[in-house]
Amino acid sequence: MPDAQRLRPPSHKTTTPPARLADLSATRKHLTKCSHGEKDLPYITGNTPDVERYARYVISPTGRPWLDELAAAAELFVTVLVSAEHQKGALSSPVRACPGWTLRDLAVHLGQTHRWTVGMLDGADPRQRPPIRPAEGERLSDWYYAESETLRKALAVAGPDAPCWTLVKEQRTALFWQRRQVHETVIHLWDAHQALGGSIDLDPILAFDGLEEVRDVMYPRMLRAERVEPLAQNLVLSASDLHSESVVIGDAEQSAHVQGPAADLLLLVWQRIPWRPVFGDAAAEELVAQSLVP
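Take the sequence shown: its position 104, counting from 1, is numbered 104 in UniProt numbering, and each next residue is one higher.
In case anyone wonders, no lab produced these hints; they're calculated from the structure. Since the model is a prediction, treat every value here as computed from it, not as a measurement. Note that beta-carbon positions come from the ideal geometry of N, C-alpha and C, so glycine has one too. Hints are supplied without guarantee of correctness; some may be wrong.
As the list claims (entries may be wrong) - Simulated restraints, written as ranges between beta carbons of each label pair:
#1 Gln233 - Ser83: 41 to 49 Å
#2 Glu85 - Pro163: 48 to 56 Å
#3 Gly198 - Val248: 30 to 38 Å
#4 Ala283 - Glu75: 20 to 28 Å
#5 Val157 - Arg127: 22 to 30 Å
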């Protein structure tokens, strides 16, 4: 396996838009197929699908549908597992960011998370279900791929508007899980590459959205659970490779600033890479050292 793979092609400096319309003809066909009896959806005007509104609703900031991003990340994760299966002992490689876990443990966790999310979509209480694991003799890559496809298909069938429980009460639809599972898979894809001594370049636009998710979902969740104290200063994250506004985490009067490529900032707040002086000052380093994410 090459030392570095790319989740997305490198992006030029660009303003991060709320969405880009990647393939309107395909989107229009999909809408026409799905719009019957769905006049209450935000992207249906009368009997006619509103392509642009739909695109802004379900397409990620990269310009691709969230479900396509999920499929791409899952397929790359499968590729790592297949590579490990052909290297003696590789599935037992430790995962640096998850102490005590091996690559096998990481893959099982991610597959279980996908299945847990499917339970959220159908309203089942995941606590009533025994945790799933690969069957004896089953290839881990085959098992994980099946779980990722089960999730992707469940999200596709449910549609983005399906009501369900989520981590944020203001976003109680399946669209939340499309985005959340993309970021879950991407960060663990990075973990998997690290476990095998490789690396992967994350798309800066997707990474920037991940920073916004930390601000809007993960950090508030940590506060509600009383796992962390409120930040003493705002953490201002500025992506040096994007023409975008800074992501501000916290609600304090003073701020500490961190600057760097969007992917590095995401990996930093998820505590995947160590602090480097180039990121910012000592005050910012202290804030980043706190657990902003689960």
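Query raised in the report: Between Glu85 and Pro163, is the Cβ distance one that fits in 48 to 56 Å?
Result: 39 Å, violated
Query raised in the report: So does Ala283 sit 20 to 28 Å from Glu75, Cβ to Cβ?
Result: 41 Å, violated
Query raised in the report: Given a hinted range of 22 to 30 Å, is it respected by the beta-carbon distance of Val157 and Arg127?
Result: 24 Å, holds
Requested in this report: Hint says 30 to 38 Å; check whether the CB-CB distance for Gly198 and Val248 agrees.
Outcome: 33 Å, holds
Query raised in the report: Is the hinted range of 41 to 49 Å satisfied by the C-beta distance from Gln233 to Ser83?
Result: Once the Cβ atoms are compared, 43 Å apart, the range 41 to 49 Å for Ser83 and Gln233 holds.
Comparing the model with each earlier hint shows violations of hints 2, 4; every other hint is respected.
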